[in-house]
Amino acid sequence: MTTYAVGDIQGCLKPLKCLLDEVAFNRSCDVLWSVGDLVNRGPDSLDTLRFIDSLGSACIAVLGNHDLHLLAASRDASRLRKSDTLLPILKADDREQLLTSLRRRPLAHWDERLGVLMTHAGLPPTWTVKQTLKRAAEVEEVLRCDERLPLFLDEMYGNEPDRWKPSLTGPARLRCITNYLTRMRFCKADGTLDLKTKEGVGAAPKGFAPWFTYPRRDPQTQVVFGHWAALEAKTGVAGIHALDSGCVWGNSMTLMNLDTGERHQCSCGEPT
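Converting from the sequence shown to this note's numbering requires adding 106 to each position, the first position being numbered 1.
The hints are simulated quantities; they were obtained by calculation from the structure and are not laboratory data.
Misleading hints may appear alongside valid ones.
Stated by the list, open to error - Below, simulated DSS-like cross-link-like pairs (lysine-lysine); rule was C-alpha separation at most 27 angstroms, straight line:
(1) Lys294 - Lys240
(2) Lys123 - Lys197
(3) Lys123 - Lys340
(4) Lys240 - Lys197
Stated by the list, open to error - What follows is a list of derived Cβ distance ranges for each label pair:
(5) Pro194 - Ala164: 22 to 30 angstroms
(6) Lys340 - Thr275: 35 to 43 angstroms
(7) Asp324 - Arg181: 31 to 39 angstroms
(8) Lys312 - Ser207: 37 to 45 angstroms
Idealized CB from N, CA, C, for every residue including glycine.
Sequences are here, hints too, so could you generate the full structure?
Following this line, the structure appears as structure tokens:
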């Protein structure tokens, strides 16, 4: 059994299949981790969701901000942006099956054997792995609850509160957790987020730094994440594995063997 992790797919299905073919991925014994952002902006979001679902237990995918945006747009299509490529999903005959499957996916995944945590945006420097999993579970519970989901999706967007406090309640608490796990790039040592800057590490606003440059509460834990294409899948920090190499922007998709650390890349233009 080999465990692989792939960067942001965003509807770029051909490079994903190219990579899986390259490593002779066997769904009967291997496992694929996805760092989230399965959909949007790429050409094949609908077929990507269908393919990921077809892998069953051979795929563990956490939710990214674009996946959550799809869920929100499925409730209110006016949320769709000009750059979105989500309409084929919303018009598909199997949309409810696909959306239900998406709602059941986690925001954080921990593997004890590997000692690796996976979230879409990373591990907040002020949180332990245990705290991260517990807080992710709060959002996951709401995503799977038909009664609570609409309010969460209505209140999900926004940059405030920009710092975690245990006293947070209601929509503000869930929004803060969601932003840490799906949108974080730069923050302060106390966890205060800057959610506007999207460029590389050199663009850090005054007083802020990339989240992975701060000491970790669980220093032995390795972290696998995506979301930050401007990093070009590099952090320069041991044990912190960035996998978003900007495939949807015409660059390559990155697949990492979590057992050996070996990386493979395939560009959007290469045939499967």
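So, going through the hints one by one against the coordinates:
{"no.": "1", "hint": "Lys294 - Lys240", "result": "holds (22 angstroms)"}
{"no.": "2", "hint": "Lys123 - Lys197", "result": "holds (24 angstroms)"}
{"no.": "3", "hint": "Lys123 - Lys340", "result": "holds (23 angstroms)"}
{"no.": "4", "hint": "Lys240 - Lys197", "result": "violated (35 angstroms)"}
{"no.": "5", "hint": "Pro194 - Ala164: 22 to 30 angstroms", "result": "holds (24 angstroms)"}
{"no.": "6", "hint": "Lys340 - Thr275: 35 to 43 angstroms", "result": "holds (38 angstroms)"}
{"no.": "7", "hint": "Asp324 - Arg181: 31 to 39 angstroms", "result": "holds (36 angstroms)"}
{"no.": "8", "hint": "Lys312 - Ser207: 37 to 45 angstroms", "result": "holds (43 angstroms)"}
When each numbered hint is compared with the structure, a violation occurs for hint 4 only.
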